[in-house]
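Number of protein chains: 2
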Amino acid sequence: MGADPLTSPRSARVTEVRHLHDRRHRAARGAFVVEGPQAVAAAGDHGISDLFVTERAAERYPDLVAGQRARGARVTVASDEVLEAMSETRQSQGIIAVCPLVTTPLDTLMMGAVGDSAAPPFLVVLDRVNNPGNAGTVIRSADALGANGVIMTEGSVDPHNGKCVRSTAGSLFHVAISDGVTATDAIAACRSAGVVIVTAHAAGDVDLDGPAAIPLLRGPVAWVFGSEAHGIDAQWRDAAGVSVRIPMTGAAESLNMAAAAAICLYATARMRR
Amino acid sequence: MGADPLTSPRSARVTEVRHLHDRRHRAARGAFVVEGPQAVAAAGDHGISDLFVTERAAERYPDLVAGQRARGARVTVASDEVLEAMSETRQSQGIIAVCPLVTTPLDTLMMGAVGDSAAPPFLVVLDRVNNPGNAGTVIRSADALGANGVIMTEGSVDPHNGKCVRSTAGSLFHVAISDGVTATDAIAACRSAGVVIVTAHAAGDVDLDGPAAIPLLRGPVAWVFGSEAHGIDAQWRDAAGVSVRIPMTGAAESLNMAAAAAICLYATARMRR
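So the sequences go chain by chain: B and F. With the first letter of the first sequence counted as 1, position 86 gets the number 80 in this note's numbering; the numbers rise by one all the way through. With the first letter of the second sequence counted as 1, position 43 gets the number 37 in this note's numbering; the numbers rise by one all the way through.
Don't read these hints as lab results, they were simulated from the structure. The C-beta atom is built at its ideal place from N, Cα and C for all residues, glycine as well. Treat the hints with care, since some could be wrong.
[Claimed, not checked] Cβ-Cβ distance ranges computed for the label pairs, FRET-style:
#, chain 1, residue 1, chain 2, residue 2, range
1, F, E53, B, S43, 55 to 65 Å
2, B, D74, F, E222, 17 to 27 Å
3, F, T176, B, R54, 30 to 40 Å
4, B, R54, F, S2, 53 to 63 Å
5, B, E148, F, E222, 49 to 59 Å
6, F, G106, B, D179, 19 to 29 Å
7, B, A197, F, T102, 53 to 63 Å
8, B, A197, F, P94, 47 to 57 Å
[To be verified] From the derived model, a few chain B residues whose C-beta atoms are all more than 12 Å from chain F:
#, residue
9, R20
10, A60
11, V71
12, E82
13, L100
14, M105
15, R134
16, S135
17, D137
18, G140
19, E148
20, A163
21, G164
22, A252
23, R266
[Unchecked claim] Dumping the calculated SDA-like pairs for lysine to any residue here, alpha-carbon to alpha-carbon at most 25 Å:
#, chain 1, residue 1, chain 2, residue 2
24, F, K157, B, E247
25, B, K157, B, L95
26, F, K157, B, G225
27, F, K157, B, G156
28, B, K157, F, A223
29, F, K157, B, L95
30, F, K157, B, G244
31, B, K157, F, P126
32, B, K157, F, D39
33, B, K157, F, M242
34, B, K157, F, L100
35, B, K157, F, E82
36, F, K157, B, R122
37, F, K157, B, A223
38, B, K157, F, G24
39, F, K157, B, Q85
40, B, K157, F, R122
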């Protein structure tokens, strides 16, 4: 690939990438780290600036590397040690990219949702969800089940957090995400777009499977999910038009948050077909 | 509480509890560790042998402690340092119990499922699922959505693994679980009980929301889920009567395994009401 390979794990370029495992550095640089061939493929046109690959990975994923070079990425062949030093995990599989942050301003997200002529807005709110695995799993479900966007309130995990990125399995690049939004702003945006705020609760008023849920799920809707430890902010409860319960038959008091979200989003998608 | 409190983190009793964070020790001793008031409450009548509490926790959860003592648990007041030394996490909240393993032989689980007169058998199989968070989340969903039991094949995580136990949020004690089962034995047990083996797959033959799924989900059914990395064993695919797909509308190729399982179990529970 022309230039000499990058072989020193102590090089400044390695340090630059490692810094991006830290939220403040990501915010300052406006960039984050994407690891592994599937995630890099999902990044597609999102403007990868730097792509680091081992020789073996370059041979194994020639189209991926050529495609990103054609899109303007600087491709650097690096030693296994360099990739290991850059990686947060052992899942890099010899390929790591630096990519601009994917988050979008709230008004852009709302315009996209309202402008989708196929169906009324279908939004997901993560209210102070700080578990990166749960947050990433919900982003993945939101993508798979056709939501227009995911709004993450202040106090939620950074969606560009490494574990969150891995949990999205590429969906981070497919669905619109706004982060650091205040509950006040998000509620105001939903109201001005005519979107009904819906919370999920074991003791909710409306049965997810009952007739009252049908018009609700077919209309403009924002599902709000909180952390298991703290639930959702009182502001959301006050603003919510409806609280919905998933019928449960066993001894468990509740579902895992990401499991409950998957069920609610699935039920919404089903009503809209 | 009578005896002097346990204050040394280096005591033999602390070491005994710590050993139970290791699978081989759990198997040898037939016991595992339960941390936190909610999990200890969920253990109920499962035969807690030892309960360790800080003075603060004893004051905070008097009924829980008295209830377990009445059931025969040896209650020991211990220092914060002892509880910290015993705990795998910082989530013990001053209360840790030693409890007999909860798993049940496969034939007992099957008899329970077949003997449930309210509905035909509704089973979940986790095939070589080694992610403790995913496994625990599915056990929790299986409980909440009314499945009769969870069969975990050889190569799956030990359901008594600390992270798995925490992910079940107490459901480990509510739903029958058989572990270390070979695929051959589990398939034979399903067949002899007339249970239809169903796999979930993005390219499955039957739409989860279509008419063909209705009789399937109302009948005797075992849902098989694999790990995201390895999928399910070929034996299960060969034995499966049907493969079912969750309709997806977005760009994501798939859902998180535990999210997909939640949707499939929810759809099954809905059909049975």
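Outcome of the hint check:
1. Separation of F/E53 from B/S43 is about 57 Å and conforms to the stated range, judged on CB atoms against 55 to 65 Å.
2. Between B/D74 and F/E222, the C-beta spacing of about 25 Å keeps the proposed range 17 to 27 Å intact.
3. In this structure the supplied range 30 to 40 Å holds for F/T176 paired with B/R54, their Cβ-Cβ distance being about 35 Å.
4. With their beta carbons about 55 Å apart, B/R54 and F/S2 fall inside the hinted range of 53 to 63 Å.
5. At about 31 Å, the beta-carbon gap between B/E148 and F/E222 misses the expected band of 49 to 59 Å.
6. About 51 Å separates the C-beta atoms of F/G106 and B/D179, a value inconsistent with the hinted range of 19 to 29 Å.
7. Against the hinted window of 53 to 63 Å, the Cβ-Cβ separation of B/A197 and F/T102 comes to about 34 Å, which falls outside the hint.
8. A hinted range of 47 to 57 Å for the beta carbons of B/A197 and F/P94 is inconsistent with their spacing of about 33 Å.
9. Once the 12 Å rule is applied to beta carbons, B/R20 is consistent with being away from chain F; the minimum gap is 23 Å.
10. Distance check on B/A60: its Cβ is at least 22 Å (rounded) from any Cβ of chain F, clearing the 12 Å threshold; non-interface status holds.
11. The Cβ of B/V71 lies farther than 12 Å from every Cβ of chain F, with a closest approach of about 27 Å, so its non-interface assignment holds.
12. Separation of B/E82 from chain F is adequate, the least Cβ-Cβ distance of about 18 Å exceeding the 12 Å criterion.
13. Every Cβ of chain F is farther than 12 Å from the Cβ of B/L100; the closest lies at roughly 20 Å, confirming the non-interface assignment.
14. The claim that B/M105 is not at the interface with chain F holds, since no C-beta of that chain comes within 12 Å of its own (minimum 19 Å).
15. Residue placement check: B/R134 does not keep its beta carbon more than 12 Å from all beta carbons of chain F (closest about 6 Å).
16. Against chain F, the non-interface label of B/S135 is violated: not every CB pair exceeds 12 Å, the least being about 5 Å.
17. Against chain F, the non-interface label of B/D137 is violated: not every CB pair exceeds 12 Å, the least being about 4 Å.
18. Once the 12 Å rule is applied to beta carbons, B/G140 is inconsistent with being away from chain F; the minimum gap is 3 Å.
19. Against chain F, the non-interface label of B/E148 holds: every CB pair exceeds 12 Å, the least being about 25 Å.
20. With a least CB separation of 7 Å from chain F, B/A163 falls inside the 12 Å interface cut-off, contrary to its annotation.
21. Annotated as non-interface, B/G164 brings its C-beta within 12 Å of a C-beta of chain F; the closest such distance is 7 Å.
22. Taking the minimum C-beta to C-beta distance to chain F, about 6 Å, the non-interface status of B/A252 is violated against the 12 Å cut.
23. With a minimum CB-CB distance of about 8 Å to chain F, B/R266 fails to clear the 12 Å threshold, and the non-interface call is violated.
24. Taken as a hint, the F/K157 and B/E247 pair is honoured in the structure, with Cα atoms around 19 Å apart against an allowance of 25 Å.
25. For the suggested pair B/K157 and B/L95, the alpha carbons sit about 15 Å apart, so the restraint of at most 25 Å is met.
26. A threshold of 25 Å between alpha carbons decides the hint, and for F/K157 with B/G225 the separation of about 21 Å falls inside it, so the pair holds.
27. Proximity of F/K157 to B/G156 is assessed by CA-CA distance (about 20 Å); at most 25 Å being required, the pair is judged to hold.
28. With a C-alpha separation of about 16 Å, the suggested pair B/K157 and F/A223 falls inside the 25 Å cut-off, and the hint holds.
29. For the hint pairing F/K157 with B/L95, the CA-to-CA distance comes to about 31 Å; that exceeds 25 Å, so the pair is violated.
30. As the CA atoms of F/K157 and B/G244 are separated by approximately 22 Å, the hinted pair is consistent with the 25 Å bound.
31. A hinted pair counts as satisfied when its Cα atoms are at most 25 Å apart, and B/K157 with F/P126 qualifies at roughly 16 Å.
32. As the CA atoms of B/K157 and F/D39 are separated by approximately 38 Å, the hinted pair breaks the 25 Å bound.
33. Proximity of B/K157 to F/M242 is assessed by CA-CA distance (about 24 Å); at most 25 Å being required, the pair is judged to hold.
34. Under the criterion of a C-alpha separation no larger than 25 Å, the hint pairing B/K157 with F/L100 is inconsistent with the structure, at around 36 Å.
35. For the hint linking B/K157 to F/E82, the alpha-carbon distance of about 21 Å falls within 25 Å, and the restraint holds.
36. Between F/K157 and B/R122 the CA atoms are separated by roughly 22 Å; this keeps the pair inside 25 Å, and the hint holds.
37. Using a Cα cut-off of 25 Å, the hinted pair F/K157 and B/A223 holds, with the two alpha carbons roughly 16 Å apart.
38. Distance restraint check for B/K157 and F/G24: the Cα-Cα separation of roughly 34 Å exceeds the 25 Å cut-off, and the hinted pair is therefore not satisfied.
39. Distance check on the hinted pair: F/K157 and B/Q85 sit about 21 Å apart at the alpha-carbon level, within 25 Å; holds.
40. Using a Cα cut-off of 25 Å, the hinted pair B/K157 and F/R122 holds, with the two alpha carbons roughly 22 Å apart.
Hint compliance for this structure: hints 5, 6, 7, 8, 15, 16, 17, 18, 20, 21, 22, 23, 29, 32, 34 and 38 are broken, all remaining hints hold.
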